[in-house]
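Respectively, the protein sequence lines represent chains L and P. For the first sequence, my numbering gives the first residue as 114, with consecutive numbering after it. For the second sequence, my numbering gives the first residue as 314, with consecutive numbering after it.
Hints may be right or wrong, so weigh each one.
Covered stretches of chain P, going by a simulated chain L footprint (3 or more residues, C-beta under 8 Å) [unchecked claim]: (1) 357-368; (2) 393-406; (3) 419-432.
For the record, the hints were derived by calculation from the structure and aren't laboratory data. Keep in mind that this is a model prediction, so the values were computed, not measured. Think of the CB as a built atom: it goes at the ideal place given N, C-alpha and C, for glycine as much as any other residue.
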Amino acid sequence: MLFAERFLGVGGLLTMSLSTASPLNVVILGCGRVGSTLAKQLSQEGHHVTVIDITSDAFRRLGTKFKGQRVVGTGLDRDTLEKAGLSKADVFIAVTQGDNTNIMAAQVAKKVFSIPRVHARIYDPIRSQAYREMGIITLCTTTIAAGVLHAAVLQTEESGAWQERLEAWDVEYPAQLG
Amino acid sequence: MYIIIVGGGKIGYYLSKKLIAEGHEIALMEKDRRRYAMLSEELGDVVVQGDGCEVRLMAEAGFGRADVVVAVTGDDEDNLVICQMAKKKFTTPRTVARVNNPANQQLFQQLGIDTTVSSTQIIFNLLEQQIETGEVIPLGALKNGNIEVVAITVSERSPVLGRTIRELPLDKNALIISIVRNDNALLPQGDTRFENDDTVIVMVHADDEQQLRDVFGEAHD
Numbered sequence: 114m115l116f117a118e119r120f121l122g123v124g125g126l127l128t129m130s131l132s133t134a135s136p137l138n139v140v141i142l143g144c145g146r147v148g149s150t151l152a153k154q155l156s157q158e159g160h161h162v163t164v165i166d167i168t169s170d171a172f173r174r175l176g177t178k179f180k181g182q183r184v185v186g187t188g189l190d191r192d193t194l195e196k197a198g199l200s201k202a203d204v205f206i207a208v209t210q211g212d213n214t215n216i217m218a219a220q221v222a223k224k225v226f227s228i229p230r231v232h233a234r235i236y237d238p239i240r241s242q243a244y245r246e247m248g249i250i251t252l253c254t255t256t257i258a259a260g261v262l263h264a265a266v267l268q269t270e271e272s273g274a275w276q277e278r279l280e281a282w283d284v285e286y287p288a289q290l291g
Numbered sequence: 314m315y316i317i318i319v320g321g322g323k324i325g326y327y328l329s330k331k332l333i334a335e336g337h338e339i340a341l342m343e344k345d346r347r348r349y350a351m352l353s354e355e356l357g358d359v360v361v362q363g364d365g366c367e368v369r370l371m372a373e374a375g376f377g378r379a380d381v382v383v384a385v386t387g388d389d390e391d392n393l394v395i396c397q398m399a400k401k402k403f404t405t406p407r408t409v410a411r412v413n414n415p416a417n418q419q420l421f422q423q424l425g426i427d428t429t430v431s432s433t434q435i436i437f438n439l440l441e442q443q444i445e446t447g448e449v450i451p452l453g454a455l456k457n458g459n460i461e462v463v464a465i466t467v468s469e470r471s472p473v474l475g476r477t478i479r480e481l482p483l484d485k486n487a488l489i490i491s492i493v494r495n496d497n498a499l500l501p502q503g504d505t506r507f508e509n510d511d512t513v514i515v516m517v518h519a520d521d522e523q524q525l526r527d528v529f530g531e532a533h534d
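Model the full assembly from the supplied sequences, consistent with the hints where possible.
Next comes the structure, spelled out in structure tokens:
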């Protein structure tokens, strides 16, 4: 079994499932390192991306070339989600620092806005498993990182595949940032 | 009953005290160490330090045998997850969540929380009742604002309740255009009686607006 199947659950790899079809309307909650990296990547690939964060400061991570929309607000507030165009979104991704914020926002997206695909990053493996069983595609970075490191330590075949995958995702930093 | 309360803020604290006084067995979970120290000094062993969303700590606090779990932290997302995890992992028979944003009340119920309590909503409802009686809501103005069209809601406590239009001590400068009852606009007659929840549409001279308030509103000192 591949890592992707073992750790990413029913939704499969985010990148694999998103990059194939015609442009998608994607709303990303949380413009941290994960949110901004994903937003830039998807936007570059031609998808319509909206990023939500509670501070406008966080949008600096998107750089100047990002073509998507930026919305300031909390992802638990319906007005903010409405403003971010959630009612027309194909995919909603919750990647804030708070597990519970991601869980609740994902449920709002699913139940209130009837978004077909909802992903949530959750650090706590137990909560991740519980909500995956409740129909939210959860992504537990704790178990993923542990799994990747485990493979790297034991130098299995999988560790080589992950090395390649990770290198493909490495960000090119603008010259002024060094 | 064995009741677990998560969140040792003011609500959690006073709720615990009341339930203990009534003879219930309780556990009060508080995440913050300093707040925990304060609470346990006063309430003793019933206070547990820890995050009420962590399954390991939930198990230690005895979620498995709780009759009710009450989540009263200041964050709606935490209260939601505490109640959902209690249901999912410990099959808690009854969960109660405090909801800070009233818009979340319906969602929480949809998501399987048995009872929700929103102090924002409760206070709002109380205020609305106070304001409601005799409040004159402007709908539009004519003649540079000299003549106004206003709406007034008749409540249970309104002095006009059960009286007819003819009986009202209204000046000639006020004309009752219509009474909206159950989404129907009635054409008012002299013998039309006011009912609870009626919305009365009145055309009135701006100077006589106070008279309207006096007639429809509760007596004020």
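Any hints this thing doesn't respect? Which numbers, in order? none
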